[in-house]
Amino acid sequence: MWNEILEIVRGGSWADDFLISISKTFMGFMIALIVGVPVGYMMGRAGYWKAFFHDGVVGAGSIPGIVYAIIALVIFGIGFQGPILAVGLISMPFIALNVAEGLEGVDRDLLSMSTAFGRSDRQALRHILIPSIMPFAFAGVRLSFAIAWKVEALTEVFGSSNGVGFQIRFAFQGFSIAGVLAWTLMFIALLLLIERGLAIVERWLFRWRTWEQAA
Amino acid sequence: MSAATMSRQPGFANSSIGRALRSSWGARVTSYVAFVVAWQIVGASFFRVPTPWETLDFIWREVSGGDHGGVRPGQFWEHFSATVPRFAIGISVAFVIGVVVGLLIGSFSFVRALLSDVLLVFLALPAIIWAFLTVMWFGLGWEAPVYTVILSAAPFVAVNVAQGVRAVSPELRRMSDAFGVPRNRRIRSMLLPAITGYLFTGLRFAVIIGWNAVLLAEWFGAVDGVGWRARLWYDAARYKGFVGWAIIFIVFIFLLDGLVLSPLQRRAFRWRASPSSDLKAEVGAVDTESFTNTAIGL
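Taken in sequence, the protein lines are chains A and B. Here the first sequence stands for residues 0 to 214, where the numbers follow numbering that gives the first Met the number 0. Here the second sequence stands for residues 0 to 297, where the numbers follow numbering that gives the first Met the number 0.
To be clear, the hints were calculated from the coordinates, so they are not data collected in a lab. Nothing here was measured: the structure is a model prediction, and the numbers come from that model. For every residue, glycine included, the Cβ atom is placed at its ideal position computed from N, Cα and C. Careful, some of the hints might be misleading.
[To be verified] Partial selection, computed: residues in chain A whose CB lies under 10 Å from chain B:
| hint | residue |
| --- | --- |
| 1 | VAL8 |
| 2 | GLY46 |
| 3 | GLY58 |
| 4 | ILE74 |
| 5 | ALA145 |
| 6 | PHE157 |
| 7 | PHE171 |
| 8 | SER175 |
| 9 | LEU190 |
Extracted from the complex, chain B is given alone in its bound form:
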C-alpha cells in the first residue's frame, strides 16, 4: 500500500498527530506545556506566585522600557549592561588563575600536597559567603561582584585543569622521556590534546558558577546591575518582578550554555570514546570520582 492511498484513509490525521506527540520532539513540547500548566496551577493557588502571563507581561515591560503601572519604567538594558562587564572580567580572570593553578597542581606533586586541602575548602565555600565578605571588604560598587566571581569560579577551573593534566597517560610520559622528545613538542602533542576538553569543562563550570556569584553579589552589594534590580522588586514586594527576573537569569544562562558552551565542550571532547550515557555527558560531569567534580559551586 502506497503512501498516497494511506493518506486518503480516515484516521490518518489522528494517527500522524498521535505519532508526532509520541516522538521525542512531541515529548519535549508536551513537557514545556505541562510546565506552564503546572505553573499556572501553582500561581492560582499561592497568592504570592504570579501566573505565567503576568510574568511574561512584566518581562516585556522591563525589556521594552514600558510602564510598570506608574512606579518607574523598565530598565532592563541599563542594568544588563552594568552586569555583563563585571561578569566577563570576573570569568576571564578566574579562568586564567584557575588554569595556572590547575597546571601547577597537575604537574608537581608537592604543589598538589600543598594546595589540595585549600582547594577543597574553596570548593566547599558557597558563593554567598564570598559575596558577604567582599561586600564588607570593598563596600558597595563594582568590586564585590567581580571579586566574588573570581573567588567562586577559579577553584572549579583549577580542579578540572589539574584533572586534565593527570589524565595524560604515564606510559606516554615515560616513553617521551626515553626517546628524548623536546618540551614544546610534548606540550603540543601530549599535554594540549589531553587537557583541551577539561579546559572547556572548566570554562563551562566557571560561567555557570560565576553567573550565580555575580547575581548574589549584586543583590547584596551593588547599586545597579541585574541582581540589584531583582532585589528592588523584592523589596517593593512586587513578586512578578522578582519572578520575572529569575526567568531572565535562567534564560540568559541557558542561551549561553546551549548555544556557546556545550557545543564547544562537545567539540573539544569529540576525539574521545563516547561515554556510557549521553545524559551524563551532556551534564558535563567528566569523572564522578568525588563530589568536587560534580558539585557546581552555588
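Excised from the complex, chain A in its bound form:
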C-alpha cells in the first residue's frame, strides 16, 4: 500500500484529481450558500416558512447518500455537474438550519434601536442581520464539509470521468485493494486537514465576535 501511495504521488496527476474534486465541492457549497442562506433567513423570520421547509430540512439528514448520487446521475449523467449538485443538495439543509438558529440569537435591542433611530430595513439587514447570520452560515459549511466531501466522492464513483471518486472506482475495477486503500488514505488525510483548516479560518474570520465568548 505504501508503495502504491508513493507511486501515485510520484505520478503527479493526483494533484489534478484532488483539485478537481475540491473545486466541485467548493462550487457545491457556493450553490448551497446562495440557496440555503435565504431559506434559513425565511425560516428564522416567519413561522409559515419554518413549517414550509421543516420536513425537507429535517428529513434531508436521513436520506441515504446513494440517493443523492442517483439524483445527480439521472439529471446530469456522467459529467462535472453531478457532484456539484449532490454537494449543494446535501449541505443546503445544514446551512439553512444554522442560519435559522442564528437569527433567533440576533440582538433584539439592536433591531428596535435601529428602528427607533430611523434606520431603513436595508441598513438593518446590511449592518445587523447579515453580520449576525454569516458566522452561522459558515459553521453550517464547516459542519457539513465532511459529509459533503464524502457524497462528492460517492457521486464521482457513480458517474464521473475524473476526481478522487473516479480514481477509487478505477482502482476497484482493476481489483486493486492497495489502490483503493492508497486513494482512501489520501482522501481521509485531506478531509481531516481541510476540516482543521476551516476551523482556523472560521476563528480568524469571526475573531470580532469575542463578545460571544465573553458573555
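Given the coordinates of chain A, assemble chain B onto it according to the supplied hints.
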C-alpha cells in the same frame, strides 16, 4: 358576534381556507405540493428524469408484481426480504460492538488515547470504501453488505456512547466515591440515565448510516437485494426504475426514523432540559462540538 352569525357572512369560506393554508399544516401540505410540481417541471425539462406519475406507476408495478412492459415482472418483496436480514444483522452487531468500544473509550482514558485517532479515521471513511474493500475480500454474496454495515455504523455508535459516559458529572462520580456507593447501584442510577439518550442517538445514526451502507454494498457486490435491483434498472438504462427505487429507499428510512427511532430518542431524552432549538433537537445532533458528531457517515 357569535360563530353562527359569522358563518353566514359571505367570504367566510374563503377566509377559513386562507387560514388553513397559512397554518403550519397548510404550509407543510403546500411544501409537498410544491415539491411534486418542481419535480414535474424538472422531469419535463430533462429527458432522463421521469415524471412523478411515471415513477409512481413503476413503484406500483414493482411492489404488486405487475408487468414492466414485457421485460420482467416486479420483484419488490423478493429483494426486500433479502436485504432486511442483512441490514438487521449488521445493525445489531454494529450496535453491540459500538456500545462496548464506546463504554471502554468513555471509561478509561488510556483506551481513549489509544483509540481516538483510529476512531477519527473510521468516522471519516465513506461507506463506499468499505463496500469496495469487502466486495474484494469476500466476493459477491451476503458477506459484503453485512460487513459494510458493521464497519460503517459501529464507529458512530461508539462515539455517541463514549460521549454519554463522559456526560456523567464528575461531581457525582466523586461523591459516590466518597460515600462508597456500590458498583451496581452506580451503574443503575448514575451511568444508565446518563447514557440512555446517547444510546438511542447512536442507534438512530447506526440505522441511517447502515441503510446507506447496505444499499451501496448490494449495488456493487451482491446478486440480489434492493441495492442490486436498483442497479439492474440503472444498467438497463430504465431511469424510472432507478428513481423509483431511490424513492423506496427514502420512504423506508423515513418510516423507520419517523415511526420508531425519533420517538424512542425523544422519550429517552425527555428528562433533560429542552435544547435551545427544536429543529436542532429533531435532527438529533446532541452536541455540535466537532464534526464527528454531526457528520452522518455517508
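Right, here's what the structure says about each hint:
1. VAL8: Violated, because the Cβ-Cβ distance from VAL8/A to chain B comes to roughly 19 Å (cut-off 10 Å).
2. GLY46: 7 Å, holds
3. GLY58: Result: holds, 6 Å to nearest chain B Cβ.
4. ILE74: Holds, because the Cβ-Cβ distance from ILE74/A to chain B comes to roughly 6 Å (cut-off 10 Å).
5. ALA145: 4 Å, holds
6. PHE157: Since the shortest Cβ distance to chain B is 9 Å, the answer is holds.
7. PHE171: Since the shortest Cβ distance to chain B is 4 Å, the answer is holds.
8. SER175: 9 Å, holds
9. LEU190: 5 Å, holds
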